[in-house]
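Make the full structure from the sequences, and use the hints.
So the chains spell out like this:
Protein chains: 2
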Amino acid sequence: MGNPIIDYISQFIELTEDEAGIINKQNLFRQYRKNEVLLAEGSYAKDCYFIIKGCVRAYYIKDGEERNTDFFFENQTIRPVSYQTKQPSEYYLSCLEECVIAIGDEARNQKLVEQIPKLSALILKMSEELILQKQLEFDHFKNNNPEERYINLLETRPELLNRIPLYHLASYLGITQVSLSRIRGRILNS
Amino acid sequence: MGNPIIDYISQFIELTEDEAGIINKQNLFRQYRKNEVLLAEGSYAKDCYFIIKGCVRAYYIKDGEERNTDFFFENQTIRPVSYQTKQPSEYYLSCLEECVIAIGDEARNQKLVEQIPKLSALILKMSEELILQKQLEFDHFKNNNPEERYINLLETRPELLNRIPLYHLASYLGITQVSLSRIRGRILNS
DNA sequence: TTTGTTTATTAGCCTTTGTTAATATTTTCA
DNA sequence: TGAAAATATTAACAAAGGCTAATAAACAAA
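Respectively, the protein sequence lines represent chains A and B. Numbering-wise, the numbering used here puts 37 at position 37 of the first sequence, and it's gapless, one number per residue. Numbering-wise, the numbering used here puts 94 at position 94 of the second sequence, and it's gapless, one number per residue.
Simulated from the structure, these hints should not be mistaken for laboratory data. It cannot be assumed that every hint is accurate.
Not the full set, but computed from the structure, chain A residues with beta-carbon under 10 Å of chain B [unchecked claim]:
1) GLU41
2) ASP70
3) GLU90
4) TYR91
5) LEU119
6) SER127
7) LEU136
8) ASP139
9) PHE141
10) LYS142
11) ASN143
12) LEU169
13) TYR172
14) GLY174
The C-beta atom is built at its ideal place from N, Cα and C for all residues, glycine as well.
Following this line, the structure appears as structure tokens:
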């Protein structure tokens with residue numbers, strides 16, 4: 001009965017027995033139903049998340065329409081911008097499927113980092129990787145048309161296609177459902 | 001004769017006389033001509049930059065065409081992804097104008113952080129802000145059409161319009177020069 | 001001031017996307 | 001199983017962008 005969080009962290013840094021014990025004790029797991037909201041636009045994120053099971057969608061609302069900006073799956077951490085900045089959140093986080101999620105609130109996280117200082121290096125490293133990845137994603141988005149972006153998604157994140165309805169992927173790709181459907185049709189007939 | 005780097009850093013953290021002295025001594029200024037390349041695609045970034053005067057353009061080449069991804073002005077730092085990752089650079093950095101730039105190579109930077117440990121907190125903070133800003137920019141880009149993006153640029157970074165030729169801005173906005181010109185025409189007649 | 005270079009606009013034509021609405025198809029669940 | 005809800009496709013038309021090429025305007029340098 002390994003703790004998935006400890007497995008995850010151990011990919012990056014080594015944990016002693018004691019440290020693993022500390023993490024084991026600290027974490028709080030919660031189950032969420034499909035469509036349950038973890039974080040609402042305008043509210044303050046008090047928690048970070050680590051997805052044990054399920055899938056979470058980040059989106060905000062523009063002109064009454066939901067615009068998806070990100071999808072998170074098993075073994076991914078979500079550290080909301082609002083958690084970091086202490087500003088009201090720009091976006092929603094909600095469950096696309098039934099989820100099991102480990103939650104760390106600020107007090108708990110802070111205590112954890114105090115007890116296991118090397119975690120802060122991990123957080124920095126993850127932040128840097130996130131910057132890099134965002135930059136690459138952004139460049140790719142800007143310099144490819146919707147069809148190329150869809151094909152890229154097929155190649156780099158095929159799991160998205162299986163688990164996420166196309167009408168959610170459309171806004172993630174910066175287009176409408178209808179246009180995505182046409183793109184798929186075009187690709188099939190070629 | 002203040003050192004602009006020290007002024008810049010002092011916005012975020014307080015420096016003692018000694019620390020300011022250390023920075024003053026360490027930095028190397030260099031002058032670049034227009035169109036001079038700071039970093040080429042495929043090469044390894046050995047340096048970080050701080051722009052004293054001038055303007056630097058980040059771009060890469062797709063299908064033989066330059067695609068601009070960023071523009072940097074006075075009092076901005078450039079910490080190339082390649083510097084961080086030790087991988088060959090994905091993009092070029094070159095001067096849009098004649099520039100004066102402070103250069104810090106890795107050995108010098110490392111020594112600086114050792115001598116002034118609180119600099120590492122500053123770097124982390126700047127990294128976090130960069131993530132946030134990139135995310136917001138990306139979301140905006142995805143959820144607005146080219147015309148809206150151009151208008152947004154007018155409102156949020158008017159200095160770009162003054163100092164950077166439109167045909168460079170076009171690819172930054174994810175469109176062609178021709179299309180940008182039409183958008184400008186459309187806005188004028190309305 | 002003239003010439004060449006860089007930068008910006010315009011036109012014509014074709015492709016793609018947005019929009020709205022109708023219609024399939026699939027999934028859910030009572 | 002059957003009805004409702006959720007998801008996906010298709011059609012028709014207007015608006016916008018890509019492409020190529022021509023032209024105009026601004027700037028720089030001799």
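Here's how the hints hold up against the structure:
no.	hint	result
1	GLU41	violated, 12 Å
2	ASP70	holds, 9 Å
3	GLU90	holds, 7 Å
4	TYR91	holds, 8 Å
5	LEU119	violated, 14 Å
6	SER127	holds, 6 Å
7	LEU136	holds, 7 Å
8	ASP139	holds, 5 Å
9	PHE141	holds, 7 Å
10	LYS142	holds, 4 Å
11	ASN143	holds, 5 Å
12	LEU169	violated, 12 Å
13	TYR172	holds, 8 Å
14	GLY174	holds, 4 Å
Taken one by one, the earlier hints fail for this structure at numbers 1, 5 and 12, listed in ascending order.
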